[in-house]
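Asks: From just these sequences and the hints, can you work out the full model?
Sequence lines, in order, name chains X and U.
Position 4 of the first sequence, counting from 1, maps to 4 under the numbering used here, and the rest follow consecutively.
Position 25 of the second sequence, counting from 1, maps to 25 under the numbering used here, and the rest follow consecutively.
There could be a bad hint or two in this list.
Claimed, not checked - With a straight-line cut-off of 25 Å between C-alpha atoms, the simulated SDA-like cross-links for lysine to any residue are: (1) K341/X with V102/U; (2) K25/U with I395/X; (3) K392/X with N16/U; (4) K163/X with Y288/X.
Simulated from the structure, these hints should not be mistaken for laboratory data.
Remember, predicted model here, so these are calculated numbers, not experimental data.
One-letter residues, chain by chain:
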Amino acid sequence: MLKLPIYLDNNATTPMDPRVLEAMTPFFLEHYGNAASRNHPFGWEAEEAVDYAREQVAKLIGADPKEIIFTSGATEGDNLGIKGIYEMYASKGNHIITATTEHKAVLDTCKHIEKSGGEVTYLQVQPDGLIDLKELEAAIKPTTILIAIMYANNEIGVVMPIKEISAIARKHGVLLFTDGTQAVGKIPVDVNKDGIDLMAFTAHKMYGPKGVGALYVRRKNPRVKVTAQMDGGGHERGMRSGTLNVPGIVGFGKACEICMLDMEEDTKRISKMRDHLETELLKLEEAYVNGSREHRLPHVANISFKHVEGEGLLMGFNKNIALSSGSACTSASLEPSYVLKALGLGDDLAHSSLRFGLGRFTTDEQIEYTIKAISETVLKLREMSPLWEMYKEGIDLSTIEWAAH
Amino acid sequence: MAYSEKVIDHYQNPKNVGTLDKSAKNVGTGLVGAPECGDVMRLQIQVDDAGMITDAKFKTFGCGSAIASSSLATEWLKGKSVDEALKIDNMDIVEELNLPPVKIHCSVLAEDAIKSAINDYRVKNGLEEIKFEESVVH
Ligand SMILES: Cc1ncc(COP(=O)(O)O)c(C=O)c1O
Ligand code: FES
Numbered sequence: 001m002l003k004l005p006i007y008l009d010n011n012a013t014t015p016m017d018p019r020v021l022e023a024m025t026p027f028f029l030e031h032y033g034n035a036a037s038r039n040h041p042f043g044w045e046a047e048e049a050v051d052y053a054r055e056q057v058a059k060l061i062g063a064d065p066k067e068i069i070f071t072s073g074a075t076e077g078d079n080l081g082i083k084g085i086y087e088m089y090a091s092k093g094n095h096i097i098t099a100t101t102e103h104k105a106v107l108d109t110c111k112h113i114e115k116s117g118g119e120v121t122y123l124q125v126q127p128d129g130l131i132d133l134k135e136l137e138a139a140i141k142p143t144t145i146l147i148a149i150m151y152a153n154n155e156i157g158v159v160m161p162i163k164e165i166s167a168i169a170r171k172h173g174v175l176l177f178t179d180g181t182q183a184v185g186k187i188p189v190d191v192n193k194d195g196i197d198l199m200a201f202t203a204h205k206m207y208g209p210k211g212v213g214a215l216y217v218r219r220k221n222p223r224v225k226v227t228a229q230m231d232g233g234g235h236e237r238g239m240r241s242g243t244l245n246v247p248g249i250v251g252f253g254k255a256c257e258i259c260m261l262d263m264e265e266d267t268k269r270i271s272k273m274r275d276h277l278e279t280e281l282l283k284l285e286e287a288y289v290n291g292s293r294e295h296r297l298p299h300v301a302n303i304s305f306k307h308v309e310g311e312g313l314l315m316g317f318n319k320n321i322a323l324s325s326g327s328a329c330t331s332a333s334l335e336p337s338y339v340l341k342a343l344g345l346g347d348d349l350a351h352s353s354l355r356f357g358l359g360r361f362t363t364d365e366q367i368e369y370t371i372k373a374i375s376e377t378v379l380k381l382r383e384m385s386p387l388w389e390m391y392k393e394g395i396d397l398s399t400i401e402w403a404a405h
Numbered sequence: 001m002a003y004s005e006k007v008i009d010h011y012q013n014p015k016n017v018g019t020l021d022k023s024a025k026n027v028g029t030g031l032v033g034a035p036e037c038g039d040v041m042r043l044q045i046q047v048d049d050a051g052m053i054t055d056a057k058f059k060t061f062g063c064g065s066a067i068a069s070s071s072l073a074t075e076w077l078k079g080k081s082v083d084e085a086l087k088i089d090n091m092d093i094v095e096e097l098n099l100p101p102v103k104i105h106c107s108v109l110a111e112d113a114i115k116s117a118i119n120d121y122r123v124k125n126g127l128e129e130i131k132f133e134e135s136v137v138h
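Replies: Below, the structure written as structure tokens:
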């Protein structure tokens, strides 16, 4: 029996894998020691568990355990990675290159840096959501210290050409930071093969708990250091003070281990469902995929249904299907998604988009239900849409003078 | 955000969706909003010789609250005189539908659409266009 509601918002967060919860449980009530307590078994157990998790996390991304700094999540990793480099390498330069489609945790960190005297170049993306490598290389100057480009985008799922980006970074002696939040655990990420110097990621997007993540910081070729952003007891080799979240870290480790073991199987199954969903929904007239379909995460689809508004569309089924929309007509700002706009999508298409994030626990039955519910709602709302009527009458909507807003 | 039951009801069973002949002299059409803003509302009234609104139709591209606001507006318009219709205030819609503050602009849009439809009707029938204060809520 199909159980409602259906969860298809796995880019926002994933449910925990029960195996992760099982691994964490003893660390709340039995092994509750502080990993920094050196003088008794409680502390030793906790430290041992953290060390083991550090290995599990490192292994998933091909890193050395010493290169993993535990954080509270990807937002903190983005802040620590970017601000930490900016401060540590101040004598070398003050210029950072990033892209307009980054997560707010990166963009707002860069804005903060600009306010404190740094210089940031925001690369535009191409219509497929990927950056232009020539533009990237041209943006590098003698004062450039860091390139910060995400591995995969949270809204449209496009995967950036990280290997090519790192080759350019290396060639010019610039460090590469990447926000790996959406990619790690979903597709193979290897810090050495990919040439990544720093990478932020988080447990709650890979079936682990919320509130724990990591920053990978390269230790060899080159040895990279970041200035701590939090003062305190000097945990995590001085780069991130604060008592370690032992149960969270244990869960994070377990989540990484499972992702590594199940990635191939999961990807096969999930991408098949995603492709089916996409094929069926694209049978609707005037439906378009946003972003590159070729360079894309296997579980994500972002689709615009022209002439229906995303939020109105969601209302047709959001009691039963959890999804998000690129339309932001809800909030104080009437701006639609800046990521979709960066692709060059008109605001109308940006307002008409839905983001599907499938996951490990998505089933064929759920996808069938979703296809049906969304198709029906789109058709129903188009019957109600003045834009659809005009489109059907052959009126070019761009020629209409809309009331000033 | 949770929608009120009345919004959900209008969304699921919208009243008076449709199109009137916009070239007819006794039909007034208001088209407000813009696709860029995520909301476009078209509201039409049909007026008889006595100045009574005998029919009203809408089509809306927008969120559930915008759809509900326009659906409700058409219900209210039917059977009113044009002069009475001018008195419909967006806050009446807000109250009836229990719209939260972020959704007030959806009701403003409905009020604008009513006024714009009335003006279209007036101009078609040789009457003077009524100047309204700019609504500032958008
Ligand atoms: C690309 C990206 N970076 C950073 C974050 C923030 O992660 P966290 O919730 O762990 O702080 C997210 C999640 O919303 C994300 O998708
Ligand atoms: S139409 Fe903009 S939120 Fe309702």
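Asks: Now look at each hint and say whether the structure bears it out.
Replies: Here is what the structure says about each hint:
1. K341/X with V102/U: holds (23 Å)
2. K25/U with I395/X: holds (22 Å)
3. K392/X with N16/U: Measuring from Cα to Cα gives roughly 20 Å; hence the hint holds.
4. K163/X with Y288/X: violated (29 Å)
The earlier numbered hint that this structure contradicts is number 4, and it is the only one.
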